[in-house]
Structure formats: structure tokens, C-alpha cells
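*Asks:* Work out the full structure: start from the sequences and follow the hints.
All residue numbers for the sequence shown refer to this note's numbering, where the first residue is 36 and numbers rise by one.
If you're looking for bench data, these hints aren't it; they were derived computationally from the structure.
Where hints are given, some of them may not hold.
Here are the simulated lysine to any residue pairs, SDA-like style, with alpha carbons at most 20 Å apart [to be verified]:
#1 Lys91 <-> Leu167
#2 Lys232 <-> Ser215
#3 Lys231 <-> Asn219
#4 Lys91 <-> Thr159
#5 Lys80 <-> Lys232
#6 Lys80 <-> Ala165
#7 Lys80 <-> Arg173
#8 Lys232 <-> Val221
#9 Lys91 <-> Arg195
#10 Lys80 <-> Cys179
#11 Lys80 <-> Ala68
#12 Lys80 <-> Gln69
#13 Lys80 <-> Glu172
#14 Lys80 <-> Ala70
#15 Lys80 <-> Leu167
#16 Lys91 <-> Cys156
#17 Lys80 <-> Asp175
#18 Lys80 <-> Glu171
#19 Lys91 <-> Cys179
#20 Lys80 <-> Val220
#21 Lys91 <-> Glu171
#22 Lys80 <-> Pro197
#23 Lys80 <-> Ala168
#24 Lys91 <-> Arg161
Estimated spans, in silico, between C-beta atoms of each pair [as the list claims (entries may be wrong)]:
#25 Leu153 <-> Arg97: 18 to 24 Å
#26 Asp100 <-> His205: 46 to 52 Å
#27 Thr230 <-> His205: 39 to 45 Å
#28 Val75 <-> Asp130: 56 to 62 Å
A virtual CB, placed ideally from N, CA and C, is assigned to each residue, including glycine.
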Amino acid sequence: MSTARALKGASSTQSDEARNNTRDGENDNAAPAQALTDAVSTNRKLPITDVSRVPKVPAGYRPTDPQTRSPRGRLSESQLHLAMLAGRQILERRDHWRADLGDLAPDLSPLPAVLDDLEACDATVRALRALLAYHEERLDLARCDLNTLLRATHDEYAHRAPQMPQLDRHYSHLADLVGSIGENVVQGIRRARRTKKAPVTG
Numbered sequence: 036m037s038t039a040r041a042l043k044g045a046s047s048t049q050s051d052e053a054r055n056n057t058r059d060g061e062n063d064n065a066a067p068a069q070a071l072t073d074a075v076s077t078n079r080k081l082p083i084t085d086v087s088r089v090p091k092v093p094a095g096y097r098p099t100d101p102q103t104r105s106p107r108g109r110l111s112e113s114q115l116h117l118a119m120l121a122g123r124q125i126l127e128r129r130d131h132w133r134a135d136l137g138d139l140a141p142d143l144s145p146l147p148a149v150l151d152d153l154e155a156c157d158a159t160v161r162a163l164r165a166l167l168a169y170h171e172e173r174l175d176l177a178r179c180d181l182n183t184l185l186r187a188t189h190d191e192y193a194h195r196a197p198q199m200p201q202l203d204r205h206y207s208h209l210a211d212l213v214g215s216i217g218e219n220v221v222q223g224i225r226r227a228r229r230t231k232k233a234p235v236t237g
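*Replies:* Spelled out as C-alpha cells, the structure:
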């Protein structure tokens, strides 16, 4: 075999390998993308909780300032488990509090109710956070879907409006919306340019 033919064969083999590697890379990237698309499609079809089924805040509740209600600070999420263990351990010694801790021991009679409140509230907050995260995603999907539909509608409206001026009164809010979106884009570009031109200090 000649040197030229050998080089040509080697080049062809390398090209085939490169194409195969590209296909493999595309397949590797396609799987996560398809999984995300499937998840979004599934989430879009899941039920939304009827607002009438969401419990109301108890009557008489008034928000308070964190510093006012917790002057000595509060437990962090990472400390909560240890605090629960400590509280339950102390509770097991309720018949020995005076002997263990002396006459100056704090009044620990509220401890059982405090632990029960903490466990119940923690479980409820975790459930509500999960429910909130789900509905926030559904809200975001609905916003994106509406934006897509309205933009497509506006494209056709803008194309036909010059020949059909009577459409203006039927699609005035749509025109206002697209104008607002366009203005926000312009303002964003202007801010970016100002930031880029701003002198670097320090």
C-alpha cells in the first residue's frame, strides 16, 4: 500500500471516529434534555390545588418582628435535629429535674407542648414548602405558555392591523402588553450599556 493511500485511509478512519464521537455526544446531551422536556410536559398536566381548599390563617394572628419574638435568637435548620433530641432526652428525666438541676432549674413544664408544637409546625412547613414550590413552577409554566400564545397572536395582529384598523379596539390590551415588553427590553439594554461603560473603581 502506498504512503498516500495509507494516509488517506487513516484520515478516513479518524473522520469516522470523530463523527461517531459527535453522535455519541449528541445522544448524551439529548437524554437529559428529553427528560427535562418530559418532566415539564408532565408537570403542566398535573392538578392545581383549589384555593378554597387552602387553609386560612387562624383568626387573631398578627405578624410580629423576629427580633421581638426571639430576642435570644433561634435554632438553625442544622441545629433543629439536635435540639429535638436534647429536648426529648430532658423530657425523659422529668421526674428527676429538681434533683438533677437543683432549685434554680428553669420551669420545664412547657417543654412537652413546645416539642409537640415544633414537630407539628416543622412537618407542616415542609409540606407547605413542597406544595408552594410545585405551584410556583405551575405558575411559571402558565406565564410562559401565555406569553408564547400572546406573542404569536400579536405577530398576526400586527401583520393584519394596517389593512384592518378596526382590530385595534379588539386587541388594544395585547398591543399595550407587547409595547411594555419592548420597553423593558430597551431599558435593560440601556442599563447594560451604562454598566459596561461605568469606570472600575478600587
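*Asks:* Hints first: check each against the structure and report whether it holds.
*Replies:* Taking the hints in turn, this is what the structure says about them:
no. : hint                          : in the structure
1   : Lys91 <-> Leu167              : 15 Å, holds
2   : Lys232 <-> Ser215             : 26 Å, violated
3   : Lys231 <-> Asn219             : 18 Å, holds
4   : Lys91 <-> Thr159              : 14 Å, holds
5   : Lys80 <-> Lys232              : 46 Å, violated
6   : Lys80 <-> Ala165              : 18 Å, holds
7   : Lys80 <-> Arg173              : 9 Å, holds
8   : Lys232 <-> Val221             : 17 Å, holds
9   : Lys91 <-> Arg195              : 48 Å, violated
10  : Lys80 <-> Cys179              : 15 Å, holds
11  : Lys80 <-> Ala68               : 19 Å, holds
12  : Lys80 <-> Gln69               : 17 Å, holds
13  : Lys80 <-> Glu172              : 12 Å, holds
14  : Lys80 <-> Ala70               : 16 Å, holds
15  : Lys80 <-> Leu167              : 17 Å, holds
16  : Lys91 <-> Cys156              : 15 Å, holds
17  : Lys80 <-> Asp175              : 14 Å, holds
18  : Lys80 <-> Glu171              : 14 Å, holds
19  : Lys91 <-> Cys179              : 29 Å, violated
20  : Lys80 <-> Val220              : 31 Å, violated
21  : Lys91 <-> Glu171              : 19 Å, holds
22  : Lys80 <-> Pro197              : 38 Å, violated
23  : Lys80 <-> Ala168              : 16 Å, holds
24  : Lys91 <-> Arg161              : 17 Å, holds
25  : Leu153 <-> Arg97: 18 to 24 Å  : 21 Å, holds
26  : Asp100 <-> His205: 46 to 52 Å : 50 Å, holds
27  : Thr230 <-> His205: 39 to 45 Å : 40 Å, holds
28  : Val75 <-> Asp130: 56 to 62 Å  : 57 Å, holds
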